[in-house]
Each structure stands twice: as C-alpha cells, then as structure tokens.
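S.K.: Here's the letter readout for the chains.
Protein chains: 2
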Amino acid sequence: MLRLHHVPLSPFCRKIRIALREKGLAAELVEEQPWEQKEEFLRLNPAGETPVLEDDGLVICDSQAIAEYLEEAHPEPTLYGRSLEQRSETRRLVAWFDSKFCREVTDLLWREKLLKRLARRGTPSSEALRQGAANIRWHLQYIAWLFEDRRWLAGDELTMADIAAAAHLSVLDYLGDVPWDAAPGARDWYAKIKSRPSFRPLLQDRLVGLKPPIHYDDLDF
Amino acid sequence: MLRLHHVPLSPFCRKIRIALREKGLAAELVEEQPWEQKEEFLRLNPAGETPVLEDDGLVICDSQAIAEYLEEAHPEPTLYGRSLEQRSETRRLVAWFDSKFCREVTDLLWREKLLKRLARRGTPSSEALRQGAANIRWHLQYIAWLFEDRRWLAGDELTMADIAAAAHLSVLDYLGDVPWDAAPGARDWYAKIKSRPSFRPLLQDRLVGLKPPIHYDDLDF
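Protein sequences appear in the order of chains A and B. For the first sequence, the working numbering assigns the number -1 to the initial residue and increments by one for each residue that follows. For the second sequence, the working numbering assigns the number -1 to the initial residue and increments by one for each residue that follows.
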C-alpha cells in the first residue's frame, strides 16, 4: 500500500500525485503541515519537507527521489523516456522547473503569497511579487517554444518534464498568477495536460478563504 | 570522448568531476564563466548553468541529470547502490545536500563570498554570512550522526550522497568556512573521502588572489 504525505497546493507534492496516477498507482493521501515541524513528521523525514512516500515500510523522501523510485519500481509506463538522450532531456527540464523556474517564479509568487499565509509567517514582499510576475512571462515563452516542435515538452511522449512544469503552473494558476495571454502556445500545452485524468483530482483542491479564478478548473479555458 | 564544462570552485561541478573519476571515466575539462551568459554557452545550456557534459554529441545539462546519466550509461561501479531502498536513501541525501544544505549554507557563504566576487556583483551580505556560519554547524552534526553507524553517509558503500556532500564542503573549506572542530565525526568522514584519488585533482584548483587555508589539501588535517 502506498501512502503519500503531502501539502495539497505544493508543486512538488502535486508532481508526485500526477506521476502516481500516470503510473496507474493508487495511494492514500495524508495531508501535512510541514511548517509546524512536528516530531512525528520529522521522524519520517528529518528534512521536514513534503512529499514523503511510504511503500510498505520503505520511506522515500524528496520529490526527485520519489519520482526516480517510481520509475525504477514501476518502469511501465515510463515517465522519463527510453533512450539515454530522451531521459537526459526529461531530467534537464525537470531541473529547469524544479530549480530554475522555482527560484525565479514559484519562490517569488507562491512562497510569498501562499506559504507565508499557510505558515503565518509575515506578508508577501512586493518586490518579490513584481519580479516573479516579470519572470514568469519568459518561462511561458520557453514552454511555448519547446511545444512548437514537440508533442510534449521533452519530446513526443508525456514525461516528468511536463508533470513538473504543470505542477508548478497549477499552483500559480490557483493564485491567478499565470498570464496565459502572454504565450498562447503554453496555454495550449497546459490545456492538454490539464485534461488528463491524472490531473483532475488536483483541480478539486480548495483552500478555505482563497478561491481560484473561474478558469482554474475549466478544461477549455 | 567526454567533455565537461565546469567552474572549478562550483560544488555542482565538483560533484560531477568526482563521479567521473569514481566511474573510471576520463573527461576533457573546459572552464566556463557562466555568469557572462555568452551566446555560445547558452546554446549548449539555455539555463546558462554549469555543469554541462558532452558525450559524443549528446549534451547533458544539470548536475543531477548528469549523475543519473552516468549511472545509466556506465552502471559499474554503481554510485547509487543496488537495492531500491539504498538508491532512495542515496537520492534523499543528494537532495539534502544539493537543496537543503545549499539553501541553508552554500548559498549564504559560497554564493555571497565567492560567486559575487567572480561575477563582480556586489559585496557579501553580513546577515547571510552570519546565518550560513550558524547553519553549517548542525549540518556537520547531521553528517557525524549518519557516519556513526555507517561506513559512508548513505550506507556501507560510497555513493553520490558522499560525493554531493563533499563537493559542497570542499568549496566551503577552500574559503575557510568549515568549523571542523564542531563535529569530529564529520571531519573523520571528510578525511576519508578527501584521501580518495578521485578527490585529489580538485584540491589542486587555485583561485588567483584567494588562497585556501593550510589544512585544505592536507590529507591528515
């Protein structure tokens, strides 16, 4: 039995929820408040971070470690690709979204607006919000550029690259922070992944007192 | 023929240099100044970051993607371990050092002191230096704690976890920023990895105008 400890509006947790469903794996979801740093959770992951996956007593921490674990334990369908070249391109883009995009966009918008609210730690920095809003535009253009010649971001098959990118964008979209008009190609790609059955459960998450924009769970937005 | 584009005192590049040697692979080293964002380098890696590995025309970007590529293309000797459990523990600790340690220590010391100097972008923030110097102490204690019951950080074999940790600590040690006295167990582990042939070439790197402390390349420090 798989059990995923997660935060519903965390991009790294959403990445694993989508990957699990794309692999056809069911998991029990346990909601965590990692910012409370409770002893029980720290025993599971000394880093005090979500996601954490439990698989019959085995505890796997960190979203990249979990994604690579799922690929090794359940190779089909592959979410990295079959050739070394394809797998490198997938991992390059996973790093792009989980590191570069995260640093330049997610940290400046989602962390400032949502995480500070959830953890009750101060108010958003307006300079961070301004910078994040500027940065997201060229990242959307990069997505559109990749999608011009490919069926998915890393090639002709859906991979962890799409899943990582969509996970970040989905939480930003909940906050109304994605200027889709700036890159119609990125919107087309997002509409494609958003309409997959693996994505639907995410779109049901609601945070008390913070509604997403109307287009958020509209598949033909 | 393998070619590695790198920055000599970057932890992420050092990680790959050590991994290559542990795998018994020779690579041509090309020194880069990624902060100059030259077009030729951006064509190789649009993220504008080192390390980048070229392998007979195939270009692999991002240190985690490169490490996983090396493991898939040259499985022996393994640097992740053989069981799913061992591989997950290795990846958990790689994420610990490349994300958590990096955010809490490397970014606050190395980035402030060295990267700002190399890129000629401002002077170090004294608040960052103070915070980094405080944080490194408990990370060293965590290393010492892991090493108490294990021959290496992730278990009884050398893995990418040791290599990632040592890569970060080696650049901080160059700057004289590792309070080894705070955790003798961490010093014992570092002396062990530092004495491997794969580590030696790193200890030869010198930055003009910035000498490392005397103990830096002393194997019995």
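I should point out that these hints are in silico values taken from the structure, not numbers from a laboratory. Mixed in with the good hints there might be a few duds.
For identical chains, the list gives no copy identity; a pair is met inside one copy or between any two copies.
[To be verified] SDA-like mimics (lysine to any residue), calculated; alpha carbons at most 25 Å apart, straight line:
id	residue 1	residue 2
1	K98	L82
2	K209	L42
3	K98	R109
4	K114	E70
5	K114	A132
6	K21	Q202
7	K98	L127
8	K36	E155
9	K98	E74
10	K36	Q139
11	K209	P122
12	K98	D53
13	K36	A142
14	K21	S123
15	K36	E74
S.K.: Now, for every hint given, state plainly whether the structure supports it.
M.R.: A quick look at each hint next to the structure:
1. K98 with L82: within (23 Å within a copy, 28 Å between copies)
2. K209 with L42: For K209 and L42, neither the intra-copy (32 Å) nor the inter-copy (42 Å) Cα distance is at most 25 Å.
3. K98 with R109: Answer is both; intra-copy 15 Å and inter-copy 16 Å each pass.
4. K114 with E70: The answer is neither: 35 Å in one copy and 40 Å across copies each exceed 25 Å.
5. K114 with A132: Both ways: K114 and A132 sit 21 Å apart in one copy and 23 Å across, limit 25 Å.
6. K21 with Q202: For K21 and Q202, only the intra-copy Cα distance (20 Å) is at most 25 Å; the inter-copy one is 47 Å.
7. K98 with L127: So K98 and L127 pass the 25 Å test inside a copy (16 Å) and across (23 Å) alike.
8. K36 with E155: neither (40 Å within a copy, 32 Å between copies)
9. K98 with E74: neither (29 Å within a copy, 31 Å between copies)
10. K36 with Q139: between (41 Å within a copy, 20 Å between copies)
11. K209 with P122: within (18 Å within a copy, 41 Å between copies)
12. K98 with D53: Between copies only: 24 Å across, 30 Å inside.
13. K36 with A142: between (41 Å within a copy, 23 Å between copies)
14. K21 with S123: Intra 39 Å, inter 46 Å, cutoff 25 Å: neither.
15. K36 with E74: For K36 and E74, neither the intra-copy (36 Å) nor the inter-copy (40 Å) Cα distance is at most 25 Å.
Of the numbered hints stated above, those contradicted by the structure are hints 2, 4, 8, 9, 14, 15, listed in ascending order.
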